[in-house]
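Here is what each chain is made of, one letter per residue.
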Amino acid sequence: MVFLGLAFKSLISRRGSVVLTCLAMTVSIFVILGVEHIRTQAKESFYNTVSGADLIVGARTGSANLLLYSVFRIGSATNNVSWESYSDITADDRVKWAIPISLGDSHKGYRVMGTTLSYFEHYSYGKKRNLKFANGEPFHDLFDVVLGSQVAKNLGYGIGDQITLAHGIGKTSFSMHDDKPFRISGILAPTGTPVDQTLHVSLQGIEAIHLDWQPGSRKSGPEVNSLVKEDLAIKSITAFILGLKSRMTTFEVQREINEFSQEPLLAILPGVALAELWEMINILEGVLQLISYLILFSALLGLAAMLLASMREREQEIKLFRAIGASPGFLFVLIQLEALIICGFSILIGSACLLLCLGATKEKLSANFGLYVEANIFSTNSVLLLSFVVIATVAVASIPSLGAYKQARSVT
Amino acid sequence: MTVNIENLRYAYDKKGNETLLDIPRWNIAKGEKVLLHGPSGGGKSTLLNLISGILRSSEGKLEVMGERLDKMNERERDRFRANNVGYVFQSFNLFPFLNAYENVDLSLYFSQDAKPKGSKQKIENLLSELNLSKSDCAKPIRKLSIGQQQRVAIARSLIKKPGLLIADEPTSSLDEENRNQFMSVLLDLINEQDTTLLFVSHDLSLRPHFNRAEALAGINQGKTN
Ligand SMILES: Nc1ncnc2c1ncn2[C@@H]1O[C@H](COP(=O)(O)OP(=O)(O)OP(=O)(O)O)[C@@H](O)[C@H]1O
Ligand SMILES: [Mg+2]
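Chains as they are written, first to last, in the working numbering: chain Z, 1 to 412; chain P, 1 to 225.
Among the hints, a few may not be true.
What the hints assert, rightly or not - Here are the computed lysine-lysine pairs in the DSS-like style, where the Cα-Cα straight-line distance is at most 30 Å:
no., chain 1, residue 1, chain 2, residue 2
1, Z, K319, P, K15
2, P, K30, P, K117
3, Z, K319, P, K117
To be verified - Only part of the chain Z face toward chain P is listed, based on derived beta-carbon distances under 8 Å:
no., residue
4, V2
5, K9
6, S10
7, S13
8, Q316
9, E317
10, L320
11, R322
12, A323
13, I324
14, G325
15, A326
16, S327
Worth flagging that the hints you see were computed from the coordinates, not collected in a lab.
These numbers come from a predicted model, not from an experiment.
Glycine included, C-beta positions come from ideal geometry on N, C-alpha and C.
So that you can see chain Z by itself, here it is in the shape it has in the complex:
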């Protein structure tokens, strides 16, 4: 207690330089924690986007591109997959389940995806977690739509509300399909994946909104109410996800799809494609980490410089401490404690700022970058990182502390 009180009062008496040093440390802790947090969270949410799928199939393109548009809903497909090819491939004995994906429409900036009920049954994310409904049920009717949790939350929609879907994926789409209102039949529970940002309709629903749609023109089509699901023939889809009966057949099926004769297709292993894509982002990750460590290093040097500079003024103080009976060890601990107090305050303020910032930008990050970041920064990782900061502080502060110790021993 005496130690702490002394260290505090001594720091307060030098508040000018102490506050500046504290600020430098705070910024560096903010950056280092922030980079580490976003890095691990991004990686985790990235790898957790899809799980349990054995193959993802689309028109021939780069594997990163296929992964991006089919799973992350980023970018768009250059070509479609014909319905015949899809039927042929999924009819195979080795296929356990298949989820067709049809993209290209949007609603207020959120992507609309056409699929089948198989999606709600087989799509999984994270550690093989299936989709759950927070409210309502899957689409059964042609004009039923199931919303991802963020879509419902951000647009304030509820079960039974009517919405219209637009062709194209821009936020301001010129061709609103407002003659065919969809009814919200269900809302999914949050997943922390792009599913939250997606509106799901049946494949026939997608066909229905395109039925009379021609670029640049709109003719009046059949009466909305007269449309029946079964009347609509599906011509093509964008991609599909396959689950196989046996993992052993994955490579075999992949090769067969890649050599498919009717049309050029590409089948990818999601795990491999995810890892490849992450490797590409990884370089940036390393650079960010390096920069944050450099910032920490310079802040620590600033701390040591501040303490060292103060030692000159404190020569007399050390002499007095010795005269009243303090040991050189006491002075060593006192200087260390001052450094640790600065470090502690910086950690407190730095992490508080980070918490606030993440809380404020969380929604934006997920909406604009598909980055799902939790505001809770206290993971084992961040605790380890902070312990490293504390240890580094002790190490750097031992320069002035040892100086004080030596000076205390040679005092006259």
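Based on these hints, arrange chain P with the ligands on the given structure of chain Z.
Chain P with the ligands only, in chain Z's frame:
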């Protein structure tokens, strides 16, 4: 005997053969008040640091209040000093970041393992005895006059009732009025507590306050420049 020195030798430069202090024999009796004087750079402060155990000599015998300082390790000497020796300097006697009360309190912290009950009352009594008001004691040190600061320094060094008080030119930065006040409160307390006083000063007009005045050159055979 409070201080008992026999053949004490000390040199800052251990390799060179310039011995700063070489004192064959010097004693201070219990309760005695000694004025030590001598030219600047003669080694007065060095001698005080040896007697208080801040510095250590490996040659000769140095006994303070019956304890052999030359036989103690650093930790033991720190402990000894905290408990038995009060120290007043010419300047910088107080921590600027503490107020008067806290300064006195801190010196008590080093002298005991556990703080005795009633120490707060003791400190307050001593400070008021030294003509320091309660509001002065709560002020930052730099807001006190030099004279007030030196009186707080007396309180700081005598609160633990040391057997020996070492004063290294404590009056040099005081004017005549403050110096006289300083000497009178110091001597009152010293006499009251029966503390031995070793006082370094150039100011020989202070001589009447002491039992004995000693020139360092008279006791030291070490080489001076
Ligand atoms: N830490 C030290 N290391 C080396 N030499 C020192 C040290 N402290 C003092 N000296 C030297 O020892 C000699 C005696 O110094 P000391 O301070 O004891 O003199 P003093 O008699 O107290 O002088 P003053 O009256 O000016 O205070 C001086 O020559 C000084 O330069
Ligand atoms: Mg001196």
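Results of checking the hints against the structure:
1. K319(Z) with K15(P): It holds: about 25 Å lies between the C-alpha atoms, which stays within 30 Å.
2. K30(P) with K117(P): Distance of about 29 Å is within 30 Å: holds.
3. K319(Z) with K117(P): Status holds; Cα separation ~29 Å.
4. V2: 5 Å, holds
5. K9: At about 5 Å, which falls below the 8 Å cut-off, the nearest Cβ of chain P leaves the hint on K9(Z) intact, so it holds.
6. S10: 5 Å, holds
7. S13: 4 Å, holds
8. Q316: This hint holds: Q316(Z) lies near chain P, its Cβ roughly 4 Å from the closest one there, short of 8 Å.
9. E317: Holds - the Cβ of E317(Z) comes within 8 Å of chain P, reaching about 6 Å at its closest.
10. L320: Holds, because the Cβ-Cβ distance from L320(Z) to chain P comes to roughly 6 Å (cut-off 8 Å).
11. R322: With a minimum Cβ separation of about 5 Å from chain P (threshold 8 Å), the hint on R322(Z) holds.
12. A323: 4 Å, holds
13. I324: Holds. Min distance 4 Å.
14. G325: 2 Å, holds
15. A326: Holds - the Cβ of A326(Z) comes within 8 Å of chain P, reaching about 6 Å at its closest.
16. S327: 5 Å, holds
Violated hints: none; the structure is consistent with every hint.
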